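Peer 1: Residue-level listing of the chains:
4 protein chains.
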Amino acid sequence: MRSEDEPIWNWTLRRIRKIWPLGDSGKLKNLVEPGLPKDDIDILRQKIRACLDGRGGEVSARARAAELGEAYLVLNPKGRRRFLELLATEYDVDNAAVEAAIEARENSDGPAELQEATHRLRRLLEPPRTRLLRQFNELQEGVKFLVDLRAELMPLTREDPSLKALDRDVFDLLSSWFDIGFLDLQQITWKTPAALLEKLIEYEAVHAIRSWDDLKNRLGDDRCCYAFFHPRMPDEPLIFVEVALVNGISTSIHELLDEKAPVVDPNKADTAIFYSISNCQKGLAGVSFGNFLIKRVVRDLSARRPNLKTFSTLSPAPGFMDWLQNGARGAGLGDRELQALDLIAPVAGSETDLAELISKNELPGAGGRSTLQETMLRLCARYLTKAKKGRQAIDRVAHFHLTNGARIEQINWAADLSDKGIRQSAGMMVNYLYKLPDIEKNHESYSASGGIATSSAVRKLL
Amino acid sequence: MRSEDEPIWNWTLRRIRKIWPLGDSGKLKNLVEPGLPKDDIDILRQKIRACLDGRGGEVSARARAAELGEAYLVLNPKGRRRFLELLATEYDVDNAAVEAAIEARENSDGPAELQEATHRLRRLLEPPRTRLLRQFNELQEGVKFLVDLRAELMPLTREDPSLKALDRDVFDLLSSWFDIGFLDLQQITWKTPAALLEKLIEYEAVHAIRSWDDLKNRLGDDRCCYAFFHPRMPDEPLIFVEVALVNGISTSIHELLDEKAPVVDPNKADTAIFYSISNCQKGLAGVSFGNFLIKRVVRDLSARRPNLKTFSTLSPAPGFMDWLQNGARGAGLGDRELQALDLIAPVAGSETDLAELISKNELPGAGGRSTLQETMLRLCARYLTKAKKGRQAIDRVAHFHLTNGARIEQINWAADLSDKGIRQSAGMMVNYLYKLPDIEKNHESYSASGGIATSSAVRKLL
Amino acid sequence: MRSEDEPIWNWTLRRIRKIWPLGDSGKLKNLVEPGLPKDDIDILRQKIRACLDGRGGEVSARARAAELGEAYLVLNPKGRRRFLELLATEYDVDNAAVEAAIEARENSDGPAELQEATHRLRRLLEPPRTRLLRQFNELQEGVKFLVDLRAELMPLTREDPSLKALDRDVFDLLSSWFDIGFLDLQQITWKTPAALLEKLIEYEAVHAIRSWDDLKNRLGDDRCCYAFFHPRMPDEPLIFVEVALVNGISTSIHELLDEKAPVVDPNKADTAIFYSISNCQKGLAGVSFGNFLIKRVVRDLSARRPNLKTFSTLSPAPGFMDWLQNGARGAGLGDRELQALDLIAPVAGSETDLAELISKNELPGAGGRSTLQETMLRLCARYLTKAKKGRQAIDRVAHFHLTNGARIEQINWAADLSDKGIRQSAGMMVNYLYKLPDIEKNHESYSASGGIATSSAVRKLL
Amino acid sequence: MRSEDEPIWNWTLRRIRKIWPLGDSGKLKNLVEPGLPKDDIDILRQKIRACLDGRGGEVSARARAAELGEAYLVLNPKGRRRFLELLATEYDVDNAAVEAAIEARENSDGPAELQEATHRLRRLLEPPRTRLLRQFNELQEGVKFLVDLRAELMPLTREDPSLKALDRDVFDLLSSWFDIGFLDLQQITWKTPAALLEKLIEYEAVHAIRSWDDLKNRLGDDRCCYAFFHPRMPDEPLIFVEVALVNGISTSIHELLDEKAPVVDPNKADTAIFYSISNCQKGLAGVSFGNFLIKRVVRDLSARRPNLKTFSTLSPAPGFMDWLQNGARGAGLGDRELQALDLIAPVAGSETDLAELISKNELPGAGGRSTLQETMLRLCARYLTKAKKGRQAIDRVAHFHLTNGARIEQINWAADLSDKGIRQSAGMMVNYLYKLPDIEKNHESYSASGGIATSSAVRKLL
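Residue numbers (the numbering used here), protein chains in the order written: chain A, 129 to 590; chain B, 129 to 590; chain C, 129 to 590; chain D, 129 to 590.
Derived from the structure by calculation, the hints contain no laboratory data. Incorrect hints may have been included.
Identical copies go unnamed one by one, so any copy, or any two together, can satisfy a pair.
[What the hints assert, rightly or not] Derived pair list, reagent style DSSO-like, types lysine-lysine, alpha-carbon separation capped at 27 angstroms:
(1) Lys344 to Lys410
(2) Lys410 to Lys166
(3) Lys588 to Lys319
(4) Lys272 to Lys292
(5) Lys175 to Lys423
(6) Lys563 to Lys175
(7) Lys396 to Lys166
(8) Lys569 to Lys175
(9) Lys319 to Lys344
(10) Lys423 to Lys166
(11) Lys206 to Lys514
(12) Lys327 to Lys388
(13) Lys327 to Lys488
(14) Lys423 to Lys272
Everything numeric in this text was worked out from a predicted model, so none of it was measured.
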């Protein structure tokens, strides 16, 4: 074992011990070295074969698959990559068998035979490794294992396209396992176990949680936090959303994150603001939960708090500054907007300069006729509604909410003056409004033709 | 609505109300009549199309699928059959598209293109209705819904082979949803909710539970009962096993079911007898849990009660009498066995006569040289080990335990003198021994070559 | 050990094993024989002394008290009686010390000294054995132990008045432990563990539960069952009440107990009928829960089901027939009533004869001018409102509900035709109405002056 | 309402809202002003009288008591004091009735009459207010209410002795409610709700918890934390102890609190170190849990981790420095010890100077013949074993563990170099060893004659 592998090795051993506290990890060391040399690969092949053949019965096969999973965890990154490559290259679809099945299907006689032959062909098109992937479920934390395996696999597919098909297989399996019908919607409060709350701190992707006090404020009486969980990963949120109960639509993130702000009476609040939504599991990229999460939370909150009349987000426009610098010029802007571009261009790379500009709210070339605020709001409205890739809004947050059937309600100036907020969105934030009766219509219009629902206020900015 | 449909209609409405206590079932009556006339079928087609297209977004599509599921529940048997036939005939694989994909695959250039084309072909081979089947998961008890749907579908496939492919799709989906890794093993005791215990009474398939007192006896201190559950069907056992903790291998079911028998000290018992194992969900036929259940229970009991040294079943031989009357003569029996056949033949159809014969334990033609018991045990041993279909034992209970890697340990005379026990097994019962170190070897031998592991006592009978 | 003790001995040993599965019951046999002979009494004295002195610290003293409790459980009835007599006679208040404290108090100087002396006197008036009774709480089921000890003690006080003071001490302690503020109100449903439901069957004191089907009917969708529990006796209900949700006030117990009666929609029912209330623990006689139970259930049901407008009982008049035969003649009845007495007198001892009379509903001497029903209802109204002991109604059920502030609403003919119903109440049942705004006033009037609230219908009968 | 009352008023209102979220606090303002003026006191008297008389039945009386409790919570400190004084002065024992009962008792005839009269006297000696105190249990958090009431009452008794008797009544009631047999021992881990963990941070009284990271370290795999809870105060620990699983007896608190120290394998650790034990509820002062807590934890850990052989504390000697400065000179010390006293005296008031001295570990006057460490350990051993008040060790920590039957095992130099550790204990810490077989003997010896168990190492220091 090479010393450079040391830390990974220790880390994985610790992890194994955590997962199989009673396991005898000793024998694993005989099976694999962290780098997975050739000899070990041959042992692996035998074990995989035994799993795929179901040797000794399915119970034994699964036990063997669990051992393979443990072996994987003991490997260092190089060894894991070799393990994955083995799965990708040697246990793919058997093309010769597929050809034969295609021929048999073509020669089939009558609908019953055709159906049978079609079914046989379908079976053959499912790569054998899929069986092993399912068998990993035998691991004590088998679902989490496969999610994490994919998180490690995904970046490798960029360098090594041969891994793509494997990634697709894992993705298909996870999509089926994480069918929305299997997930639990849970509310998270200050009474939730600390071990879980700690993960919110880790996973929060929009407005970083700075401390336990910050977290406690986000779980106060005038807040709600909801997450989806899989029954086999009860300690791991899949996605969570943070909601503030307020009066009127919030226009700034700072008042929501202010730990000293007075607490709103939740029985009198008329508006629920979804101000942060974070995916937690990299390995579930592409499996979509957000749409369901928002709508179930809307439904749950509506039932529990009839005083809530309005459901809106307070969201960043994370691609705005990038578009401003790189894409806007070709977008048919007016004079004032082009002036603004010139103004922003030299300072766009520096949050400090940009922040100063925003704080002054001055549009130099405008001769006082209009403010920076005015111009930027107009630019942002144009960005959100016109900047597209095909029919889709290029802003990923906008695309997400528009696909969900929300409407662009309001754009707020100086709404997020954090470094990230200024760098990405020039400090602006957007309210997307979820109005249940319009959601289907908005979705259809956006999906079919890229039509974007907007409030009259936003239309005025255009 | 014809009056003959009345009871079903009422029954389903009651059921709907149970599942969607808040739902407004009124509108359903506008959508469908219980018999599903032509007009309604067209409405159904539109709704199904909207589900498959994901119209209005996946959240809306699933809501619509749930409505379709509710509609199905309101239908009478004829209407349900039409619903299923619709799914079977109109939403199957698109063969034209498949042909095109096959051609495209053949013309693909290089491994990357081939892989891509193969994947596209695989997608096309999955029938569109599968998407709808998944979406039914949106129903509040969606998993149970699909299980019950299949229970209704299965008998129809016998008369109407066009439904077979649909059944296969439902089966594939259920197999994936009921992957053993997702199931919970739970112990069932007298402290379990009555609503669940009631289901044991309903589902017990081997030795009928006669009363709550009988049930309580089977959950006493010297008993264990385990069941698998799916997290989305927490009130419905999938399969359960009843175990008695005893000293020495039990040779008669009557002592186990005797409510007045003294309680064995579970901390001193040396043997666990698996005396009943019942599948609970008809719709899960073909999804196999029993193998896993027995082995997990063995593992759990071993860990919790180190005093247990032996794990054995006490099982019927349900096909024995049938074989004796219909198959045995061609099986190369000796004289005495043939005599026994002659003796049994005239009384085999009557439990009373057979019971009398057994109680006398006399083999008339034998001239006192041997007893009925002796002969029948020999015949049963031969039946279990020699009567085969291909490599498989024809006795389905034997086949199950042999596949699991158990060994035929002992055949017991006058072990189940209930009507059913006499009619099926001539009152005999079999102990299959689960010896963990031998299980893989036994399984492999049985699977590969039909080799059957037996004890020396059983070999002696042969 | 005498053989006549055998069964008790075995029973208690089994019970001990259940309570202290890990205990070594061996040494107990050295300490005590089931009959508790003299030598053992001396050992007991030493152990009790060590407990009362807190020898070895309170942890040790409690451990020793637990051993004493175990010893008690091993004893046969004679031995237990000796144990209780020992506690009653040797560990009572020290009268000499009390005299001295009284004198010291009389000689105390100034209010501070007086207070101190008064407090010291109070301490001395608490018998030493109370400390031991508290220490029994160390037993694993210590609370239940003391409740059961009192259940055994109470009947003995009748023969042996010296035990009365001990009973009072146990009662005082239990009253404090079972303060209503410590109890949990729980709803009992068909989903409740069978082991608990079984106890309802055992404890039901008003209308015996005939079978599990009967029980299930009483826990149906249109029923509610509530019980109080103590946190340290979670498996033992203290008192429970059965409620039916109906439309209009129920006038007969038979429709409520009819397992085949159609289920009422609980969301539309306007009336809650309390048709059975049973105390479960003999050892808690005198500690009163019923008043609290009814009012909490009314409060809970009102909150959960706003459709409920009326809360009433359907109760027996268990002392009516006894009064009719023994007390009524001196109660200033009219002619017709006296005729009725003459009529009833000869058949009152026989349920069959009485039942026949009721079924005919004929008042022989009345010459057709009035029915048996008419006369008996009048008699019953008079019984409930006029038959008193001091200010209290002599009917114990009436006294209970009147003390709670209920009003006599209605008397129902042929409402309980079970043997017991006929024998005690001549088949009649009474509705006591709980109208929240009147409860305090009714209670005060009844407590202060024996005033009984009645409906106009009942007043008419008078 | 005076503005100086503002914060309290707000605080209590917030608290009320928390406790009775559905209550209408409006009417309370009519009843009482926060300062409780005379008029309100008369209203109070009426309400208290109604509670004590049980007017309207006990359910009504308790509801009224709950209102009184709410009223108390609305009061400002001055108002609360008046409320308490009212209870103390007007609802005490009725001395005239007591005199009469004493006389009646003296005139009683025969043992039965004497017993009855004695019992009546006992009843009269219980102050009427006790009934109200019990009735407060009706409050939703009634147990916590009484605990907090006593926490407020206790400091007032110092200035106003008339409140002492009231405090004694509250204490008696709490002692009975918090009988050890009713408490739950729970383990606290990183999976415990954050809302509860936050309270550990608040209540930790020995080694302050600096941060959530510090807390997490104290709940790591090689730690255990246990607390007692009352079933009616499930969110409030009563007392908790922190335990480290280590190898060999720990000699310094710093290694235990070091968040970066490697984690010990809990399955191999041989020693459990109790390094912090904190009472949480001021209102329960005098009700003793610590003794039970330590022994139950020892028992629980012994059962769950048979690898643990030694159970010891790592405790401060909080009175040591005070004794050194004020009491030691009269304690018959040797020359070197007196030298040390001279040396310490000038720096004893300054943690910084003392810390420096300790870090140098030099005993100036000793001419190198001995170190500061040597001398101080000797002084500390003398302090712990000889410095007494009557038979009791004056060090309160020593007294606690010696009463529990522990032995002084070891005194550790430079074991707690925090400011507090240096100021109170000159940086030393003590191991008290809990050896189960010796505990009773040690306790008896200490209780009876002040005998202190010590190890040979400690005896050597003497």
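Peer 1: The structure should be examined with respect to each hint, and the outcome stated for every one.
Peer 2: Each hint tested on the structure:
When the C-alpha separation of Lys344 and Lys410 is checked against a cutoff of 27 angstroms, the pair qualifies both within a copy, at 26 angstroms, and between copies, at 26 angstroms. In this assembly of identical chains, Lys410 and Lys166 lie within 27 angstroms of each other by CA distance neither inside one copy nor across copies; the values are 30 angstroms within and 48 angstroms between. Taking the shortest alpha-carbon separations for Lys588 and Lys319, neither the intra-copy value of 45 angstroms nor the inter-copy value of 52 angstroms comes in at or below 27 angstroms. In the homo-oligomer, the alpha carbons of Lys272 and Lys292 lie at most 27 angstroms apart inside one protomer (20 angstroms), although the nearest pairing across protomers, at 35 angstroms, exceeds that limit.
In this homomeric assembly, Lys175 and Lys423 come within 27 angstroms of each other (Cα to Cα) only across copies, at 21 angstroms, whereas the closest approach inside a single copy is 45 angstroms. For the homomeric pair Lys563 and Lys175, the shortest alpha-carbon distance between copies (23 angstroms) is at most 27 angstroms, but the shortest distance inside one copy (55 angstroms) is not. With identical chains, the CA atoms of Lys396 and Lys166 are never at most 27 angstroms apart, being 68 angstroms at best within one copy and 37 angstroms at best between copies. Proximity of Lys569 and Lys175 under a CA criterion of 27 angstroms is satisfied inter-copy only: 16 angstroms between copies versus 53 angstroms inside one chain copy.
Taking CA atoms no more than 27 angstroms apart as the test, Lys319 paired with Lys344 passes in both settings, with 10 angstroms inside one copy and 16 angstroms between copies. For a Cα distance limit of 27 angstroms, the shortest separation of Lys423 from Lys166 qualifies neither inside one copy, at 51 angstroms, nor across copies, at 35 angstroms. Taking CA atoms no more than 27 angstroms apart as the test, Lys206 paired with Lys514 passes in neither setting, with 45 angstroms inside one copy and 53 angstroms between copies. Taking identical chains as interchangeable, the C-alpha atoms of Lys327 and Lys388 lie at most 27 angstroms apart whether they share a chain (24 angstroms) or sit on different chains (21 angstroms).
With identical chains, the CA atoms of Lys327 and Lys488 are never at most 27 angstroms apart, being 39 angstroms at best within one copy and 45 angstroms at best between copies. For a Cα distance limit of 27 angstroms, the shortest separation of Lys423 from Lys272 qualifies both inside one copy, at 26 angstroms, and across copies, at 24 angstroms.
In the structure shown, a violation is registered for the earlier hints numbered 2, 3, 7, 10, 11 and 13, in ascending order.
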